[in-house]
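Enquirer: One-letter residues, chain by chain:
There are 2 protein chains.
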Amino acid sequence: MTALEVLAQPITVMPARSGAGAAVACVSTSHCTHCHLRQWCAPSGIASTDGDRADSLMFGRRRVRAGQRLYREGEPFKYLYEVRSGNLKSSLTTAQGLARVSAFHMTGELIGLDGVAEGQHASSVTALEDAEVCAVSYALLTELALSHAQLQQTLMQHMSREIVRELRMLVLLGNMTAEERLATFLLSLSQRLAARGYSSSDFHMRMTRADIGSYLGLTLETVSRTFSAFQKLRLLEVDQRHIRITDLGGLTRVGDQRAHKELH
Amino acid sequence: MTALEVLAQPITVMPARSGAGAAVACVSTSHCTHCHLRQWCAPSGIASTDGDRADSLMFGRRRVRAGQRLYREGEPFKYLYEVRSGNLKSSLTTAQGLARVSAFHMTGELIGLDGVAEGQHASSVTALEDAEVCAVSYALLTELALSHAQLQQTLMQHMSREIVRELRMLVLLGNMTAEERLATFLLSLSQRLAARGYSSSDFHMRMTRADIGSYLGLTLETVSRTFSAFQKLRLLEVDQRHIRITDLGGLTRVGDQRAHKELH
DNA sequence: CGTCTTTTTGAATACTGTCAATTTAAGTGG
DNA sequence: CCACTTAAATTGACAGTATTCAAAAAGACG
Numbered sequence: 001m002t003a004l005e006v007l008a009q010p011i012t013v014m015p016a017r018s019g020a021g022a023a024v025a026c027v028s029t030s031h032c033t034h035c036h037l038r039q040w041c042a043p044s045g046i047a048s049t050d051g052d053r054a055d056s057l058m059f060g061r062r063r064v065r066a067g068q069r070l071y072r073e074g075e076p077f078k079y080l081y082e083v084r085s086g087n088l089k090s091s092l093t094t095a096q097g098l099a100r101v102s103a104f105h106m107t108g109e110l111i112g113l114d115g116v117a118e119g120q121h122a123s124s125v126t127a128l129e130d131a132e133v134c135a136v137s138y139a140l141l142t143e144l145a146l147s148h149a150q151l152q153q154t155l156m157q158h159m160s161r162e163i164v165r166e167l168r169m170l171v172l173l174g175n176m177t178a179e180e181r182l183a184t185f186l187l188s189l190s191q192r193l194a195a196r197g198y199s200s201s202d203f204h205m206r207m208t209r210a211d212i213g214s215y216l217g218l219t220l221e222t223v224s225r226t227f228s229a230f231q232k233l234r235l236l237e238v239d240q241r242h243i244r245i246t247d248l249g250g251l252t253r254v255g256d257q258r259a260h261k262e263l264h
Numbered sequence: 001m002t003a004l005e006v007l008a009q010p011i012t013v014m015p016a017r018s019g020a021g022a023a024v025a026c027v028s029t030s031h032c033t034h035c036h037l038r039q040w041c042a043p044s045g046i047a048s049t050d051g052d053r054a055d056s057l058m059f060g061r062r063r064v065r066a067g068q069r070l071y072r073e074g075e076p077f078k079y080l081y082e083v084r085s086g087n088l089k090s091s092l093t094t095a096q097g098l099a100r101v102s103a104f105h106m107t108g109e110l111i112g113l114d115g116v117a118e119g120q121h122a123s124s125v126t127a128l129e130d131a132e133v134c135a136v137s138y139a140l141l142t143e144l145a146l147s148h149a150q151l152q153q154t155l156m157q158h159m160s161r162e163i164v165r166e167l168r169m170l171v172l173l174g175n176m177t178a179e180e181r182l183a184t185f186l187l188s189l190s191q192r193l194a195a196r197g198y199s200s201s202d203f204h205m206r207m208t209r210a211d212i213g214s215y216l217g218l219t220l221e222t223v224s225r226t227f228s229a230f231q232k233l234r235l236l237e238v239d240q241r242h243i244r245i246t247d248l249g250g251l252t253r254v255g256d257q258r259a260h261k262e263l264h
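Protein chains in written order, with this note's numbering: chain A, 1 to 264; chain B, 1 to 264.
Hints listed in this document are in silico derivations from the structure and should not be mistaken for laboratory results. None of these values were measured; they are calculated from a predicted model. One should not assume that every hint holds.
Any copy, or any two copies together, can satisfy a pair, since identical chains are not distinguished.
[To be verified] Below are the SDA-like pairs computed for lysine to any residue, each with C-alpha atoms no more than 25 Å apart in a straight line: (1) Lys232 x Ala139; (2) Lys78 x Val164; (3) Lys78 x Arg206; (4) Lys78 x Thr142; (5) Lys78 x Arg168; (6) Lys78 x Gly67; (7) Lys78 x Arg253.
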């Protein structure tokens, strides 16, 4: 496993999505000045008391170049990572050597929780573009969590949120058509971008059609065809990876198509 | 939400599967005599010191009759449950009212971790037959975890294990054919039964074809047809819900079929 | 013993995957 | 900076697998 460049860079642990008033915790040090998530730091009250410890091995910053891996399946698990910049993907290889994308990660999201179970990573993470992440020692994090109920709670919530996210993905893969899957995917992307201050209707996707297909359980050809179909339906304009949603309502209806079918 | 019959019944928190030497924790009280998982209780050392508190609201036993629900989606989340006897299923309803089975639960498994994220259950749990579960107050559990690192660790591992389990399910739903899915499902069932001391080659399934189909992302007709196909291939004998695996190797190969395809 | 649920099987349809060819973009090196 | 090479995306034709619709058989339950 690659060594971390420990730069005493602060990190924040926050809910991946701005959920319904969920409790948040944050580890804030004197270096937190540049932490873009500093706003979440107050509740846990760690900053003052444990600053020194938190400063030590707890934080590390790491750059990952486009196409490079942050970690690979099977490598020993030691750190959780928070995305500082850039987009990444998680992928999973079956016993048969078949790889599948299991998630896309955007700024502020937490990566690595699947490693807790076995002490080694269950998936690999690859950067879709040059990216930066903050590393948090899991061992120290759980140790701190023992004295900070809020932090413990937040960690649990992160994991549970991951579980719920995957549950919804199971439903998508089990029931939905190609059009419903892609519509749902685009709407989800749109929302996540909006939550980060970007346009929700006009954006650039960082992943290939193959990545999307792998994520949605479709072939890249089907993804491409479905994009074309959406364009023909005037739901959106596609120019390579640039997307412009022109009919949000229509796209939402496509994602909920099944609702109508079910009525009969 | 239905009230719990608090019977001061002890409960054990253990890894769902006998993983590779993973740390285990257990809350053991003086009532632990009848706890079938008592063997796991030593490591956490909670028994002696916090016995009284653990005895209070922490444990409750609850019976769930066949077809009845333990809890429903959206209900406030307060307890984790450990299956004492009987089999149950988790299901998830989409915005469109479409229900899907997301898991089957056997003795010793922990239910409810998806509720941590939002403070309300993300799925519903239904008993496939008369069942008994032990309830653990999540609030008290996390409070205890603050003073017992081992317990905290175990909780995290449970959640992570759930994440990994679902990841593998995503791969199955995204890539595998009906035959591969059913073979994988049967092999998984077989292993879980074996781990509980039952025959791994001769067992009774508690779920309907519709349940299996919903879980595997197939229609009940396809499931039925695939069972028939397996029987014709002499991989197993099917009599309603009774299964006799006659060619374990063959069934395993079917589950790994894709391995051969990928070589060309 | 009758009703309801579950399961099985058939036939036709529909959707997505596979194979293949082309176009377009991106990255590399002279 | 352009030619060249490689990667990504689009589109078509066809095949294959699973779904849908339908009917009948077999159990389960009161």
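Enquirer: Determine for every hint whether it applies to the structure shown.
Expert: Verification of the supplied hints:
{"no.": "1", "hint": "Lys232 x Ala139", "in the structure": "neither (52 Å within a copy, 52 Å between copies)"}
{"no.": "2", "hint": "Lys78 x Val164", "in the structure": "both (24 Å within a copy, 17 Å between copies)"}
{"no.": "3", "hint": "Lys78 x Arg206", "in the structure": "neither (28 Å within a copy, 40 Å between copies)"}
{"no.": "4", "hint": "Lys78 x Thr142", "in the structure": "both (11 Å within a copy, 23 Å between copies)"}
{"no.": "5", "hint": "Lys78 x Arg168", "in the structure": "between (28 Å within a copy, 22 Å between copies)"}
{"no.": "6", "hint": "Lys78 x Gly67", "in the structure": "within (22 Å within a copy, 43 Å between copies)"}
{"no.": "7", "hint": "Lys78 x Arg253", "in the structure": "neither (43 Å within a copy, 35 Å between copies)"}
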